[in-house]
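Could you put the whole structure together from the sequences, leaning on the hints where they help?
Protein chains in written order, with my numbering: chain A, 1 to 469; chain B, 1001 to 1201.
Nothing false has been slipped in among the hints.
In silico BS3-like pairs for lysine-lysine, Cα to Cα no more than 30 Å straight-line:
id: 1; chain 1: A; residue 1: 92; chain 2: A; residue 2: 51
id: 2; chain 1: B; residue 1: 1054; chain 2: A; residue 2: 419
id: 3; chain 1: A; residue 1: 314; chain 2: B; residue 2: 1054
Restraint ranges, calculated between C-beta atoms of paired labels, are given here:
id: 4; chain 1: A; residue 1: 311; chain 2: B; residue 2: 1153; range: 29 to 37 Å
id: 5; chain 1: A; residue 1: 280; chain 2: B; residue 2: 1137; range: 50 to 58 Å
id: 6; chain 1: B; residue 1: 1137; chain 2: A; residue 2: 270; range: 51 to 59 Å
id: 7; chain 1: A; residue 1: 175; chain 2: B; residue 2: 1002; range: 52 to 60 Å
id: 8; chain 1: B; residue 1: 1185; chain 2: A; residue 2: 238; range: 30 to 38 Å
id: 9; chain 1: B; residue 1: 1052; chain 2: A; residue 2: 43; range: 24 to 32 Å
id: 10; chain 1: B; residue 1: 1191; chain 2: A; residue 2: 277; range: 31 to 39 Å
Note that these hints are calculated values from the structure, not bench results. The beta-carbon is built from N, C-alpha and C at its ideal position, and this holds for glycine as well.
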Amino acid sequence: MSPPRTLFDKVWARHEISRDAGGTSLLWVDRHLVHEGSHHAFAKLAERGLKVAAPELTFAVVDHYAPTRERAHIKDPAIRRMVQTLEANAEKHGITCFGLRDPRQGIVHVIGPEQGLTLPGLLVNCGDSHTSTHGALGAIGFGIGATEVAHVLATQTLRQKKPKTMCITVDGALGPGVGAKDIALGWIARLGADGARGHAIEYAGNTIRGLSVEARLTLCNLSIEGGARCGMVAPDDVTLDYLVARPFAPRGALWDRAEQDWLSLASHPDAEFDREVSIDAADIAPTVTWGTSPDEAAPITDHVPDPATAPPEKAARIGAALDYMGLRPGQPLTSIAVDQVFIGSCTNARIEDLRAAAAVLAGRRAKVPGLVSAGSALVKQQAEAEGLDRIFTEAGLEWVAAGCSMCVGMNGDLVEPGKRCASTTNRNFRGRQGRGARTHLMSPAMAAAAAVTGYLTDVRPMLAERSVA
Amino acid sequence: MSGWSTHTGTAVVLPLENVDTDQIIPARFMSTPRSEGYGRFLLHDLAHDAEGAKLPGFALNRHPDASVLVTRRNFGGGSSREAAVYALVDSGIRAVIAPSFGDIFAANAVNNGLLPARVSAEAAEEMITSLGDATAPVRISLTELTITLGDRTLAFDLADTWREKLINGWDDIDLTLQERDANAAFRDAYRAATPWAWPAT
Ligand code: SF4
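Encoded structure:
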């Protein structure tokens, strides 16, 4: 009898066409999502005169270069060319494209789940490292490079060595104002930016079971920031409720069969993982990053580390990070003044994220400027129907169209050199939001709190005030 | 892509850890067609001041002829952008030596003939110390999986599949297209078993 299998093992096995002597598998790819960055891969295809093997399983979206304002005419010629190239490649190969004028446009990792393109048990690939997001629905999703994108386009398969498995179990009740972003930044700070390298993570435990699909998407999104290949949550009733009636999800009798299959994917209780980590939810506080790597994070009640008292092998790295970030050793995190906020990205721009930020901002004014960009045009529409846009604009923040926006310095939304941004994104790398930009990662509620005070701020007292009032 | 089994060149040190792909190539350069060359973008914001002038103290500016980069852990983490590998390759870099690499970066590297050579943290530190700000002749053998730097020879780690790919300059697309029929048969059986895996129309 074969040993009890994990969720990851089960989903991997059903996609494995063959495995060579060196242990590399050839995998069938269910969904291939492409964005403007795939121009290199389409160029490789054109060089060889190859066609896209399965256009019906390939979906294109304009997101990385999508301007969030004045879309009717894109001024920057390089950006215009990137958008047009994708649209032309999609058209040439018969691929559905969510272009700038499509009401379904948005960030690739937001619209995959939103459209029901991402389903449990699937293998989802995209030339983007945050493809790990899709695992929240019980799919295997991981990012690939341009040569691999070309391979998937040409063959609908991918050569890949199977990663090891790792289980992160979170049990217990999360405190008020604490959510998926804090769970993620917490484990990454503990294990390191390469702590899960070479592993596929499954998030388990009663805390995870209690998370909404949107929160699970945030959690799986950040898996790559801990170095993991992908992150997954076993499909359950929460997953099914989220997916039913999504445009590309199965319907009728096929849905019924799918449901049964998906619920059978959960890891066997006796399945063994290569690594196991457990976390007590009660230990997690609202968390922010202070450095230039996502693992340089701490609870908001804490201080910036001091290289002088740090272990010698860490001192140089901390010193360099503080230097870039313009911070004093040992200063309280809440004493850090910000110049602006950004609420958006595939990490935290779904409707629940916007609601969480709006709950803090309602009836308050922001002390610093900020940008709010919904994860998709449909999220934007929903937020407007709920009046969230007015809360943001009345607080003094700018409400713009959907796209990667200020997460990545390539579409015109930039943080100026030396400026400090409280951001709901996933990367505080040097220069990520623009050359010389200083990024602090945090949840949407925490970014909203920073907007209100102009400092990194513990959102919990602000939330408590609200519940008393 | 042509394969290679030994490389003789010049090693230089980049004494940093967690050099993510956003640093290897900042996003604003990635709309450039590859044919224009990516070498000038390599580690751009570390190598240039705000006005775009080359910083004379930066290792790769001092030693533009370097072909092997010795660095610290988690090189190439973060974004999947293969442009990071293009920037290295177009600058003449043939191998990066480090204790660990981002998974996607390492795969991208091998797909472009660039060797991600994994050594122990101690070995990397030893090379970083012995090289300092200078360069030294280096010889890398893919057949023996060894690095010879000065009078020291040490082993590095590389998956067998990747070694073969680098040596033979194999292209996965050609290999897979040869298996077209088997893959189509797999697809049909898989679709019969899980028809819901296809998007509803
Ligand atoms: S929002 Fe940011 S992290 Fe997400 S896909 Fe876009 S650029 Fe990448």
